[in-house]
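*Asks:* Okay, here's what each chain looks like letter by letter:
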Amino acid sequence: GAGVSQSPSNKVTEKGKDVELRCDPISGHTALYWYRQSLGQGLEFLIYFQGNSAPDKSGLPSDRFSAERTGGSVSTLTIQRTQQEDSAVYLCASSSDFAGGTDTQYFGPGTRLTVL
Amino acid sequence: GNSVTQMEGPVTLSEEAFLTINCTYTATGYPSLFWYVQYPGEGLQLLLKATKADDKGSNKGFEATYRKETTSFHLEKGSVQVSDSAVYFCALRGNSGGSNYKLTFGKGTLLTVNP
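Chains as they are written, first to last, in this note's numbering: chain A, 17 to 132; chain B, 6 to 120.
Read the hints as simulated data drawn from the structure, not as lab findings.
It is possible that part of the hints are untrue.
Lysine to aspartate or glutamate pairs mimicking EDC-like chemistry, simulated, CA-CA at most 20 Å apart [claimed, not checked]:
{"id": "1", "chain 1": "A", "residue 1": "LYS27", "chain 2": "A", "residue 2": "GLU101"}
{"id": "2", "chain 1": "B", "residue 1": "LYS54", "chain 2": "B", "residue 2": "GLU21"}
{"id": "3", "chain 1": "B", "residue 1": "LYS57", "chain 2": "A", "residue 2": "GLU101"}
{"id": "4", "chain 1": "B", "residue 1": "LYS107", "chain 2": "A", "residue 2": "ASP72"}
{"id": "5", "chain 1": "B", "residue 1": "LYS112", "chain 2": "A", "residue 2": "GLU60"}
{"id": "6", "chain 1": "B", "residue 1": "LYS107", "chain 2": "A", "residue 2": "GLU101"}
{"id": "7", "chain 1": "B", "residue 1": "LYS61", "chain 2": "A", "residue 2": "GLU60"}
{"id": "8", "chain 1": "A", "residue 1": "LYS31", "chain 2": "A", "residue 2": "GLU101"}
{"id": "9", "chain 1": "B", "residue 1": "LYS54", "chain 2": "A", "residue 2": "GLU101"}
{"id": "10", "chain 1": "B", "residue 1": "LYS57", "chain 2": "B", "residue 2": "GLU68"}
{"id": "11", "chain 1": "B", "residue 1": "LYS61", "chain 2": "A", "residue 2": "ASP119"}
{"id": "12", "chain 1": "B", "residue 1": "LYS61", "chain 2": "B", "residue 2": "GLU47"}
{"id": "13", "chain 1": "B", "residue 1": "LYS54", "chain 2": "A", "residue 2": "ASP113"}
{"id": "14", "chain 1": "B", "residue 1": "LYS73", "chain 2": "B", "residue 2": "ASP89"}
{"id": "15", "chain 1": "A", "residue 1": "LYS27", "chain 2": "B", "residue 2": "GLU21"}
{"id": "16", "chain 1": "B", "residue 1": "LYS107", "chain 2": "A", "residue 2": "GLU84"}
{"id": "17", "chain 1": "B", "residue 1": "LYS57", "chain 2": "B", "residue 2": "GLU74"}
{"id": "18", "chain 1": "B", "residue 1": "LYS57", "chain 2": "A", "residue 2": "ASP119"}
{"id": "19", "chain 1": "B", "residue 1": "LYS112", "chain 2": "A", "residue 2": "GLU101"}
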């Protein structure tokens, strides 16, 4: 079966523009996660979805960041008014979550965001 | 809070050399421990994991043992290959505090294996 897919693979934008990053989890996986990988901060947790709800948004760095998930499947991470410090690789992961969030997380290839 | 510290790279080895990448952690309770690998141009892949003390995870010739007494999960391989060149991440997932789904990662170690 297909793994986690993300689009676009690369995104270059100008400071102040909005961007949307998309994640398609593995079919049947109820849990979905967003992480950010940057040179200065390493890999950081952003948000966790269980179905369509997000019980943990604690990692979102500012109110310019938001995410939604529809139909228990595709998720979109939106960054408004992008800043240069938002440049990073945004990783999505999913898991089956049968064990209450403790199943193995499978990662997508990431979206590399560059803010000029 | 939870944290993971792994040895900083880059690590450069010759083919067939022995590899150790150190990883120590801070966490309450009994976390699960993981090693993920990121090959050039690819996404993160789970390499191995251990969910309780003294468990040994193994895969593709790599091994790591969950040592609670030293809060460590060092990655080892007896004979590395050029194809093992990648970035290796140590990670933990806590089992308390209601956030047992969140992975906390180390900063990654770049391994380069020369023929």
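*Asks:* Taking the hints in turn, state whether each one holds.
*Replies:* Going down the list of hints, with the structure as the test:
{"no.": "1", "hint": "A:LYS27 x A:GLU101", "result": "14 Å, holds"}
{"no.": "2", "hint": "B:LYS54 x B:GLU21", "result": "24 Å, violated"}
{"no.": "3", "hint": "B:LYS57 x A:GLU101", "result": "38 Å, violated"}
{"no.": "4", "hint": "B:LYS107 x A:ASP72", "result": "9 Å, holds"}
{"no.": "5", "hint": "B:LYS112 x A:GLU60", "result": "10 Å, holds"}
{"no.": "6", "hint": "B:LYS107 x A:GLU101", "result": "23 Å, violated"}
{"no.": "7", "hint": "B:LYS61 x A:GLU60", "result": "26 Å, violated"}
{"no.": "8", "hint": "A:LYS31 x A:GLU101", "result": "10 Å, holds"}
{"no.": "9", "hint": "B:LYS54 x A:GLU101", "result": "32 Å, violated"}
{"no.": "10", "hint": "B:LYS57 x B:GLU68", "result": "15 Å, holds"}
{"no.": "11", "hint": "B:LYS61 x A:ASP119", "result": "18 Å, holds"}
{"no.": "12", "hint": "B:LYS61 x B:GLU47", "result": "26 Å, violated"}
{"no.": "13", "hint": "B:LYS54 x A:ASP113", "result": "17 Å, holds"}
{"no.": "14", "hint": "B:LYS73 x B:ASP89", "result": "27 Å, violated"}
{"no.": "15", "hint": "A:LYS27 x B:GLU21", "result": "39 Å, violated"}
{"no.": "16", "hint": "B:LYS107 x A:GLU84", "result": "18 Å, holds"}
{"no.": "17", "hint": "B:LYS57 x B:GLU74", "result": "12 Å, holds"}
{"no.": "18", "hint": "B:LYS57 x A:ASP119", "result": "15 Å, holds"}
{"no.": "19", "hint": "B:LYS112 x A:GLU101", "result": "18 Å, holds"}
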